[in-house]
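A.B. asks: Residue strings, one per chain:
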Amino acid sequence: MITSLNTSDIYTIIVRVADVIVRNKDYLTQLDAAIGDGDHGINMDRGFELAVERLKQLDINNSDIGTILMTVANALLEVVGGAAGPLYGMFFMNMATVASGKKEVDLQTLTTMFEQGLRGVQDIGGGTQPGEKTMVDTLYPFVEELKKQAASNSNDIALAFANALKAAENGMIATINMIAKKGRASYLGPRSVGHQDPGATSSYLILKTFYDYIKEKESKG
Amino acid sequence: MIKKLINTPGEEVREMLEGMALAFPEIIRLDPQWNNVYRAYKKPSYKVALVSGEPAHAGYVGYGMLDAAAAGATFTSPTVPQVLAAIKEVATEAGVLVIIKNYSGDVMNFTSAVKMAQAQGIKVDYVVVNDDVSIAEKEKRRGTTITVLVHKIAGAAAEEGWSLSEVKRVAQKVIDNGRDIGVALTPCSVPAAGKYTFELGPDEIEFGIGIHGEPGVQRIKYIQSKDLAKIMVDKIAEDLGLKKGDEVFLVVQGTGGTPYMEKFVFYRDVRKYVESLGLKVFGSWIGEFMTSLEMQGGRVAILRLDEELKRLLTAPAYTIAVRITGPMTLPVVT
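So the protein lines, in turn, are chains C and Y.
Position one of the first sequence corresponds to residue 0 (numbering that gives the first Met the number 0), numbered consecutively onward.
Position one of the second sequence corresponds to residue 0 (numbering that gives the first Met the number 0), numbered consecutively onward.
Be careful, since some hints might not be right.
[What the hints assert, rightly or not] SDA-like mimics (lysine to any residue), calculated; alpha carbons at most 20 Å apart, straight line:
id, chain 1, residue 1, chain 2, residue 2
1, Y, Lys-194, C, Asp-105
2, C, Lys-24, Y, Gly-9
3, Y, Lys-225, Y, Lys-194
4, Y, Lys-194, C, Glu-143
[Claimed, not checked] A short list of chain C residues far from chain Y (calculated; beta carbon distances all over 12 Å):
id, residue
5, Met-89
6, Thr-133
7, Ser-153
8, Glu-168
Honestly, the hints are just simulated from the structure, not real lab data.
The beta-carbon is built from N, C-alpha and C at its ideal position, and this holds for glycine as well.
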């Protein structure tokens with residue numbers, strides 16, 4: 000059973016996120032072209048490429064998780080642009096603040112990290128709520144489920160993330176039938192229905208990368 | 000693949016800026032670290048500095064308009080550190096006015112940079128342009144062509160040494176009295192994506208588009224220029240509450256891939272319809288001012304004028320895209 004993640008785990012997860020984003024670059028861009036301006040995959044890829052480049056210059060063994068995540072936040076804020084830059088920048092920055100000085104985090108701390116990350120996204124988006132066809136539709140149910148899991152089973156990270164990821168996936172799929180209320184898709188009004196939100200999708204891909212890594216680590220024992 | 004006169008996709012903004020700086024070294028200089036464009040000459044300390052962003056604005060840096068443009072990638076807002084670098088570079092004792100287009104990404108990046116600059120002791124304020132009349136809710140309206148008229152009018156005021164609060168007041172006056180609307184006949188393609196941003200049938204028009212190739216609010220069947228002109232002008236006139244005898248300035252433009260023939264046909268139709276409503280046309284710009292790459296289509300912007308706006312609009316400007324050598328004198332028709 001996995002009960003904690005350390006700096007090296009978080010580092011590896013971020014490197015894998017960058018890889019997942021590059022492999023889904025065209026997919027995310029296509030989703031964005033349908034209801035936005037068709038650059039989400041391109042912008043996210045540019046950000047995570049720089050994040051990994053910067054992380055490779057760090058001494059991982061002597062770094063805390065906060066430093067890793069703050070490096071990611073700064074890279075995303077610096078080169079992603081659009082709305083995704085500040086949104087994901089604040090997501091990782093708030094996570095980094097919770098993890099500051101910590102070289103190992105348990106389920107309770109991880110839950111607080113994602114909860115604060117979500118709050119950052121909601122705040123900079125001007126109080127974004129679930130149901131508005133944004134990345135919050137993926138992140139919010141994920142955090143709610145994680146909180147539930149952390150309260151009931153105190154330390155099984157893999158089990159908690161498995162359940163939370165399922166909630167996140169449902170949230171992402173639910174964006175298909177939503178009318179966009181925030182961002183460029185909102186200009187389309189009812190015409191935004193029938194398309195999955197690109198931000199909700201990139202958020203899901205990031206969360207899934209966390210879970211896939213945790214599951215793999217558990218299976219290796 | 001969609002053919003374009005570029006090199007590596009994703010490098011086009013930087014290479015465009017390099018070309019502009021090579022062609023007009025007396026007007027702009029390029030900050031290679033941030034892809035920001037600044038005025039070439041030394042800033043006077045008495046003058047409020049004007050900052051805006053996205054690649055389109057580099058053409059409006061110069062005397063009588065902007066002091067800095069933070070570029071960003073094609074169709075993408077510049078980032079927080081980039082905007083902050085632009086504000087710090089041009090900041091004067093008189094202060095900085097940041098002109099933001101009402102797109103969620105632009106607003107997030109620019110207002111974050113403004114807050115950071117304020118925390119560092121820089122006197123800075125901002126206005127948000129939301130002139131796109133195709134969207135009903137005012138707070139959601141995008142910033143489009145009127146942004147350029149804000150640069151022009153607030154820029155002239157700043158050049159005359161007005162205070163930050165006065166420059167902001169006149170910038171807001173332009174926003175309150177200006178509206179824009181656009182249509183697409185064809186989509187455009189972002190170089191790094193290599194695909195068209197939407198699909199449009201041969202007999203369809205995308206109505207109420209933004210400026211980043213995003214789809215509009217409605218898809219309509221093809222209609223002729225004069226019919227489009229009427230619908231578009233009506234939307235603006237109704238929203239602004241224009242009355243007989245009001246004096247207006249017109250900006251009629253293509254969206255990047257529209258030939259001049261069509262732009263002037265469309266201008267003729269807009270002008271005739273505007274005058275049929277009893278409005279007085281003080282002047283017009285016809286050309287390309289806020290476009291969407293190779294998209295074919297048109298935009299109409301109308302600014303309601305008073306004496307203050309008329310004077311500042313016709314004051315001298317010397318930028319790559321706009322050059323006005325002095326007050327415009329219109330022939331008196333008797």
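A.B. asks: All hints are to be evaluated individually against the structure, with a verdict given for each.
C.D. replies: Hint by hint, here is what the structure shows:
1. Note on Lys-194 (chain Y) and Asp-105 (chain C): the hinted pairing is violated, with a Cα-Cα distance of about 44 Å set against a maximum of 20 Å.
2. Proposed proximity of Lys-24 (chain C) and Gly-9 (chain Y) is supported: the alpha carbons are some 14 Å apart, at most 20 Å.
3. For the proposed pair Lys-225 (chain Y) and Lys-194 (chain Y), the alpha carbon gap of about 31 Å is over 20 Å, so the pair is violated.
4. Distance hint between Lys-194 (chain Y) and Glu-143 (chain C) is unfulfilled; the C-alpha atoms sit about 38 Å from each other, more than 20 Å.
5. For Met-89 (chain C), the shortest C-beta to C-beta distance to chain Y comes to about 9 Å, within the 12 Å cut-off, and the non-interface label is violated.
6. For Thr-133 (chain C), the shortest C-beta to C-beta distance to chain Y comes to about 10 Å, within the 12 Å cut-off, and the non-interface label is violated.
7. Even its closest Cβ contact with chain Y, about 37 Å, leaves Ser-153 (chain C) beyond 12 Å, as expected for a residue assigned away from the interface.
8. The beta carbon of Glu-168 (chain C) sits about 25 Å from the closest Cβ of chain Y, which is more than 12 Å, so the claim that it is off the interface holds.
Checked against the numbered hints listed earlier, the structure breaks hints 1, 3, 4, 5, 6; every other hint is satisfied.
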